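> Modelling step: build the complete structure from the supplied sequences, incorporating the hints.
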Amino acid sequence: MSKLSVAEKLSVLADAAKYDASCASSGARRRDSLGGKGVGSTTGAGICHAYAPDGRCISLLKILMTNYCMFDCAYCVNRISSNVRRARFTVEEIVALTIDFYKRNYIEGLFLSSGIIGSPDYTMETLARVAQRLREAHDFRGYIHLKTIPEADPRLIELAGRYADRLSINVELPSEQSLGALAPQKRMPTIRRSMAGLRLKIEDAHDARRKSRKAPLFAPAGQSTQMIVGADTASDVDILSSSARLYASYGLRRVYYSAFSPIPDSSSSLPSQAPPLTREHRLYQADWLLRYYEFSLDEVASATDRGMFDAAVDPKLAWALANPSHFPVDLNRAPRETLLRVPGLGVRAVDRLIQARRHTAIRLIDLDRITRSSRKLRPFIVTADWRPAADPNPALLREKLAGAPRQLDLFAA
Amino acid sequence: MNAHSLRSVRLDGPADVDGFLDRAARLLAAGAHPEAVAWRVAGERAEAQSDLFAGDEVRDGPLVAPAARLPAAFREIAARALLHSDATRHALAYRLAWRLRRAPQLMSIATDAEVARFAALSKSVRRDMHKMTAFVRFRRVAAPDGGEAFVAWFEPDHHIVEATAPFFKRRFANMRWSILTPRRCAHWDGATLVLSPGADKRNAPDGDALEEAWRAYYAAIFNPARLNLAAMTREMPRKYWRNLPEADLIAPLARKASARAADMVAAAPTPARRSAPAAASPSRAAAEACGSLAEISGALPGCRNCDLFRHATQVVPGEGAAHARLALVGEQPGDEEDLSGRPFVGPAGRVLNAALERVGVDRSQTFVTNAVKHFKFEPRGKKRIHKKPGAREIAACRGWLVRELELVRPRLVVALGATAAASLLGKAAPLRDLRGRTIGLANGLEMRATVHPSYLLRIEDPDAKKAGWRAFLDDLAAARELSET
Numbered sequence: 000m001s002k003l004s005v006a007e008k009l010s011v012l013a014d015a016a017k018y019d020a021s022c023a024s025s026g027a028r029r030r031d032s033l034g035g036k037g038v039g040s041t042t043g044a045g046i047c048h049a050y051a052p053d054g055r056c057i058s059l060l061k062i063l064m065t066n067y068c069m070f071d072c073a074y075c076v077n078r079i080s081s082n083v084r085r086a087r088f089t090v091e092e093i094v095a096l097t098i099d100f101y102k103r104n105y106i107e108g109l110f111l112s113s114g115i116i117g118s119p120d121y122t123m124e125t126l127a128r129v130a131q132r133l134r135e136a137h138d139f140r141g142y143i144h145l146k147t148i149p150e151a152d153p154r155l156i157e158l159a160g161r162y163a164d165r166l167s168i169n170v171e172l173p174s175e176q177s178l179g180a181l182a183p184q185k186r187m188p189t190i191r192r193s194m195a196g197l198r199l200k201i202e203d204a205h206d207a208r209r210k211s212r213k214a215p216l217f218a219p220a221g222q223s224t225q226m227i228v229g230a231d232t233a234s235d236v237d238i239l240s241s242s243a244r245l246y247a248s249y250g251l252r253r254v255y256y257s258a259f260s261p262i263p264d265s266s267s268s269l270p271s272q273a274p275p276l277t278r279e280h281r282l283y284q285a286d287w288l289l290r291y292y293e294f295s296l297d298e299v300a301s302a303t304d305r306g307m308f309d310a311a312v313d314p315k316l317a318w319a320l321a322n323p324s325h326f327p328v329d330l331n332r333a334p335r336e337t338l339l340r341v342p343g344l345g346v347r348a349v350d351r352l353i354q355a356r357r358h359t360a361i362r363l364i365d366l367d368r369i370t371r372s373s374r375k376l377r378p379f380i381v382t383a384d385w386r387p388a389a390d391p392n393p394a395l396l397r398e399k400l401a402g403a404p405r406q407l408d409l410f411a412a
Numbered sequence: 000m001n002a003h004s005l006r007s008v009r010l011d012g013p014a015d016v017d018g019f020l021d022r023a024a025r026l027l028a029a030g031a032h033p034e035a036v037a038w039r040v041a042g043e044r045a046e047a048q049s050d051l052f053a054g055d056e057v058r059d060g061p062l063v064a065p066a067a068r069l070p071a072a073f074r075e076i077a078a079r080a081l082l083h084s085d086a087t088r089h090a091l092a093y094r095l096a097w098r099l100r101r102a103p104q105l106m107s108i109a110t111d112a113e114v115a116r117f118a119a120l121s122k123s124v125r126r127d128m129h130k131m132t133a134f135v136r137f138r139r140v141a142a143p144d145g146g147e148a149f150v151a152w153f154e155p156d157h158h159i160v161e162a163t164a165p166f167f168k169r170r171f172a173n174m175r176w177s178i179l180t181p182r183r184c185a186h187w188d189g190a191t192l193v194l195s196p197g198a199d200k201r202n203a204p205d206g207d208a209l210e211e212a213w214r215a216y217y218a219a220i221f222n223p224a225r226l227n228l229a230a231m232t233r234e235m236p237r238k239y240w241r242n243l244p245e246a247d248l249i250a251p252l253a254r255k256a257s258a259r260a261a262d263m264v265a266a267a268p269t270p271a272r273r274s275a276p277a278a279a280s281p282s283r284a285a286a287e288a289c290g291s292l293a294e295i296s297g298a299l300p301g302c303r304n305c306d307l308f309r310h311a312t313q314v315v316p317g318e319g320a321a322h323a324r325l326a327l328v329g330e331q332p333g334d335e336e337d338l339s340g341r342p343f344v345g346p347a348g349r350v351l352n353a354a355l356e357r358v359g360v361d362r363s364q365t366f367v368t369n370a371v372k373h374f375k376f377e378p379r380g381k382k383r384i385h386k387k388p389g390a391r392e393i394a395a396c397r398g399w400l401v402r403e404l405e406l407v408r409p410r411l412v413v414a415l416g417a418t419a420a421a422s423l424l425g426k427a428a429p430l431r432d433l434r435g436r437t438i439g440l441a442n443g444l445e446m447r448a449t450v451h452p453s454y455l456l457r458i459e460d461p462d463a464k465k466a467g468w469r470a471f472l473d474d475l476a477a478a479r480e481l482s483e484t
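Line order of the protein sequences matches chains A and B.
For the first sequence, counting from 1, position 320 maps to 319 in numbering that gives the first Met the number 0; every step adds exactly one.
For the second sequence, counting from 1, position 99 maps to 98 in numbering that gives the first Met the number 0; every step adds exactly one.
Some hints here could point you the wrong way.
Derived contacts from chain B toward chain A, CB cut-off under 10 Å, selection only [as the list claims (entries may be wrong)]:
1) S107
2) T132
3) V135
4) A172
5) M174
6) R225
7) G340
8) K381
Output of the computed footprint for chain B on chain A, the stretches with three or more beta carbons under 8 Å from beta carbons of chain B [stated by the list, open to error]:
9) 42–53
10) 90–103
Simulated crosslink set (DSS-like; lysine-lysine; CA at most 30 Å straight-line) [unchecked claim]:
11) A:K200 / B:K387
12) B:K381 / A:K200
13) B:K381 / A:K185
14) B:K465 / B:K387
15) A:K213 / B:K168
16) B:K200 / B:K122
17) B:K386 / A:K200
18) B:K386 / A:K185
19) A:K2 / B:K255
20) B:K382 / A:K185
21) B:K381 / A:K213
22) B:K200 / B:K238
23) A:K200 / B:K382
24) A:K36 / B:K168
25) A:K210 / B:K382
26) A:K210 / B:K381
27) B:K122 / A:K375
Since the hints were derived computationally from the structure, they do not count as laboratory data.
From a predicted model like this one, the values you see are computed outputs, not experimental measurements.
All residues carry an ideal CB built from backbone N, CA and C; glycine is no exception.
So, in C-alpha cells, the structure goes:
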C-alpha cells in the first residue's frame, strides 16, 4: 500500500466517521485558555462552525483514528468485509490536526472514534492517549468527545473519561435480535453494562466535585448514544421505547437517531435505499415530546399507525387530531402542561405566554409576536377574540395542516 | 432644562450602550418626552439627518442627577438591541424606557408590539454575534519576530466587534490574532485587547496552507445521500459564504450528490464475510446443574426463563460467604443494583447495612441474594420506576434461589418482604402471618420473615417509622441468635 498524506487520510477517515450523527459540543463546563499555555474554551452551548450541504452542523473534527476494523457489522461502512479504502492516523497526526484546525477557528474540538484494531483494549487506550496528549502536552481546553469501546477494560474507560468532555457508546440497533443478526460481534449486555459503568462514574465524579473542587473530572458533559433507523424491522414505537429505557437507565444526555444511509460497498443483508429522513425527523420530534413536553410514551404511541408515525404531520399534531376532546385550549387560562400540548406552541412560546398573560389578555394578533405558526394554532385555541368553529372535522383539519415535512435542524450543538 | 424643548443627544459611537443608558436615565429624570428627543451617533450615517434637530445637547447641558437605574430586564435586552444597525434603535429604546416608568412589568409582556420589536433587534444581534464566533476563519501569518500570528476578515451585520472580541480573547488567549471588519477591528497580542477603526479586505491575508485540509474535511464529512441545501442555508446564509474557504465546494458537492447517492444504492452489495452466527443461543441455563456459586454466576446471564433479561442491564447473583450461617433474601435488584451488578447496594441496601450493624451481624459473613435476579422497571423520564415482579417471574427465578441456598446451606434464611417469602415457601402468604416464627422449608432449611428494608424508607409518619425500624431490628436480632445456635 502506498503511503497516504495527512490530507488523504483525512478524506478517508472523515468519510468513515460521517455516519455518526452526533457532532454536538454542548454540555461542557465553562473554561477558557486565559492563564494557560494552549488554546481552547467551552461556552456550554457549543458552536457550529460550518454546515455541510446535508444541513448538518460541523462543530467538531469528527474522524476515526482508523477505519480498519475486526468487526463485521452489516450496517457499517468500515466492517471487515467491506472493500473501502483503509487508513490510519498516528496519535501525533490527530493531535496536530486538532490544534491546527482549532487555531483557525474551524472547530470546537475533536470527536474521535475508531474501528477496532488489535484488541478493544489497545484501541481504547490509543483513543485515550490522543486526549491525554491534547490536554497534557498542549494544554488544550477545547471540547473532546471520545467513542467508548464497550468491550475495553474499565480502567481504560476511566482514563478516557478523565480527559474527555463526553463519552458515547452506540447501541446502533434497538433490540438484541437485530444486534445479533447485523452486528455479530456486539452484545447488548456488554453495551448496557458499559453504559451503566459510565453512569456510575459520571455521577460519582459529579458528587465528588460538589464536595471538593479538586476532585478529578469524569466526562462532565455526560454520555450519549446513537440508534440507526431503518436497518432492521423495528417500528418507530419500538425505537422510542428503547430510547425511553436508555434515558431512564443510564442518564443519557441525548439519543441520536441516524437514518440508515446507503454506504459505498454495502452489505447484502441490508436494504439498499434512500435514507428514511422523514422517519428520523419524526423520531426526534417524538423524543422531544417525551423529554420536554410531558407526553408519556403511551400517548405518543397512541397517535401512530401500528407503531409508525404519520409522515405528513408531526407527532404532536397527530396526537391533537386524535384527541379532539382536549381542545380548544384557552390560552388565557390553561395551565402550562395543557399549553404544551397545543400544536405549534413550543416551550419558549408557552413560557412567554404565561408571563405576558399575567398583565394582559392574549389576543390572536399577539401570537404572531411569540410564535411563527399562529395560523396553525387557530383550530386548537381560544383567545380573548377567537374561538374555533365547534366540532372541526379532523380529517379535513389534517389535510389543511399537513405540509411537506420540513427538515428542521436537529443537529445544532 | 425645559421638558418640552427639543433635544439632540449625541452618543460616542454606534456601540455606545453605556452612553445611551446614562443619557436615557438623565432624560427620564428631566421628564423629556420621547418625541422631544433626537438621538445622534458619532460616525453613523443617520447623524447628518438628525442635525435637523440641533438643539441642546444633554451631555453638554447641566447634569441632572440620574434617576434610579433602568430595570435589569430592560438593560439586558438593550445591551444587545442597541448594537443593531437599525438607525431607529435608540428612539425605540427610549420610548420603552419612557413607558416603563408607568408600566414596570412592561418587559415581561412579550406580546407588546414595541417590546417584541426590541426583543427582535436583540435577537438578531445575538445571532450575528454567534455567527461571528462560528464563521471567523483565521489565517496564519508570520509575525515580525518570526513567530506566528493569525488574522481574519469578517463582515458582521451589526456593531458587534467590541461585544464579541472577549470571546476570542478567552478562547485564543495564548495566540496573537487580529479580526478585521469594515466597521471595527480587534487585536490581541497575548496580553491586551485593542480596538481600531474599520479596515479594508485587502489588509487581510488571502490564504492559508491548511485550508486544503479543511476543505478536504468539509467535502468528506458531507453525506451525499442526505443533501439538504435549505437546512444548510438557514444556518449558514449565503452572505457569509464569500469569507468561508470551504464555501465554493458547496455547489459542486450538491451537483454530484444525487449521482453519488444513486451509485451507492445501485452498486452490487458485498456479501458478509461469514454468515452472521446465530446469536449464541444461551444454553437452557439450568440451575440444578450448577455445582458451585461461581457456576451459578456463570450460568445466570444466559437465563431466558422470563422476559426480564431483555431490558435489565445485567443479572444480579447473590454474594457473600460461601457457607454463611445466615442468608438474607430480598425481592429483586433495584436501580443501583442493576447498574453495579451487586445485591443491596442502593438505598434499601444502606438501610439493611445499618440494621445489620446495629444487631451485630457482619454482612461479609452472610449470604445476600434476591428472589428475582433481574430488575423489573418502567422508564419514567430520567428515572426507572420499580415494578413488583409477578408470580410468573418469581416462579421462573425460583430454581436459582433454591440452588444458591442448597449450596450455601445456611443455618437460617431470612425472607426480606413478601416476595422473598413467597418464593421460599413456593406460595404467597401475608407477611404478618409469617413474622415472628421459624418455618421449616421443603428442602430442610429454616426460614424467618420480616419486612423489606425499602418498606421502612416508604413510611412517612415519623412515629410509625421508628416503630417499624425497631421491629425490623428485633426480627434481625432474633435471626442472628437462631443462626448462631
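> Work down the list of hints and note, for each, if the structure agrees.
Taking the hints in turn, this is what the structure says about them:
For B:S107, the shortest C-beta to C-beta distance to chain A is roughly 5 Å, which falls under 10 Å, so the interface hint holds. Nearest Cβ of chain A to the Cβ of B:T132: about 6 Å, under the 10 Å cut. The hint holds. Taken as an interface hint, B:V135 checks out: its beta carbon lies about 5 Å from the nearest beta carbon of chain A, inside 10 Å. About 4 Å separates the beta-carbon of B:A172 from the nearest beta-carbon of chain A, less than 10 Å, and the hint is met.
Hint on B:M174 holds. Least Cβ distance to chain A is approximately 6 Å, under the 10 Å limit. Taking 10 Å as the C-beta cut-off, the interface hint given for B:R225 holds, the closest approach to chain A being about 4 Å. Interface hint status for B:G340: upheld, as the beta-carbon distance to the closest one in chain A is roughly 7 Å, under 10 Å. Satisfaction of the interface hint for B:K381 is found here, the shortest Cβ-Cβ separation to chain A being roughly 6 Å, below the 10 Å cut-off.
Figure legend: the segment 42–53 of chain A, annotated as covered by chain B; annotation consistent (9 residues with Cβ-Cβ distances under 8 Å, at least 3 required). Evaluation of the coverage hint for the segment 90–103 of chain A: fulfilled, as 5 residues show C-beta separations to chain B shorter than 8 Å, against a requirement of three. Taking the CA atoms of A:K200 and B:K387, the gap is about 28 Å. The hint holds against a cut of 30 Å. Between the alpha carbons of B:K381 and A:K200 the distance comes to roughly 17 Å, so the proposed pair stays at or under 30 Å and holds.
Distance restraint check for B:K381 and A:K185: the Cα-Cα separation of roughly 26 Å lies within the 30 Å cut-off, and the hinted pair is therefore satisfied. Between the alpha carbons of B:K465 and B:K387 the distance comes to roughly 25 Å, so the proposed pair stays at or under 30 Å and holds. Distance restraint check for A:K213 and B:K168: the Cα-Cα separation of roughly 26 Å lies within the 30 Å cut-off, and the hinted pair is therefore satisfied. Restraint check for B:K200 and B:K122: the C-alpha separation of about 27 Å stays at or below 30 Å, so the hint holds.
A threshold of 30 Å between alpha carbons decides the hint, and for B:K386 with A:K200 the separation of about 26 Å falls inside it, so the pair holds. Under the criterion of a C-alpha separation no larger than 30 Å, the hint pairing B:K386 with A:K185 is consistent with the structure, at around 29 Å. Straight-line distance between C-alpha atoms of A:K2 and B:K255 comes to about 28 Å, which keeps the hinted pair within the 30 Å bound. Restraint check for B:K382 and A:K185: satisfied, since their Cα atoms lie roughly 26 Å apart, inside the 30 Å limit.
In summary, the hint linking B:K381 to A:K213 is supported, as the alpha carbons are separated by about 28 Å, within the 30 Å threshold. With a C-alpha separation of about 15 Å, the suggested pairing of B:K200 with B:K238 holds against the 30 Å cut-off. For the given pair, A:K200 sits about 17 Å from B:K382 by alpha-carbon distance, which is consistent with the 30 Å threshold. Distance restraint check for A:K36 and B:K168: the Cα-Cα separation of roughly 13 Å lies within the 30 Å cut-off, and the hinted pair is therefore satisfied.
A distance of roughly 24 Å separates the Cα atoms of A:K210 and B:K382; the hinted pair therefore holds under the 30 Å criterion. Among the hinted pairs, A:K210 with B:K381 is consistent with the structure: their alpha-carbon atoms are about 24 Å apart, no more than 30 Å. As the CA atoms of B:K122 and A:K375 are separated by approximately 24 Å, the hinted pair is consistent with the 30 Å bound.
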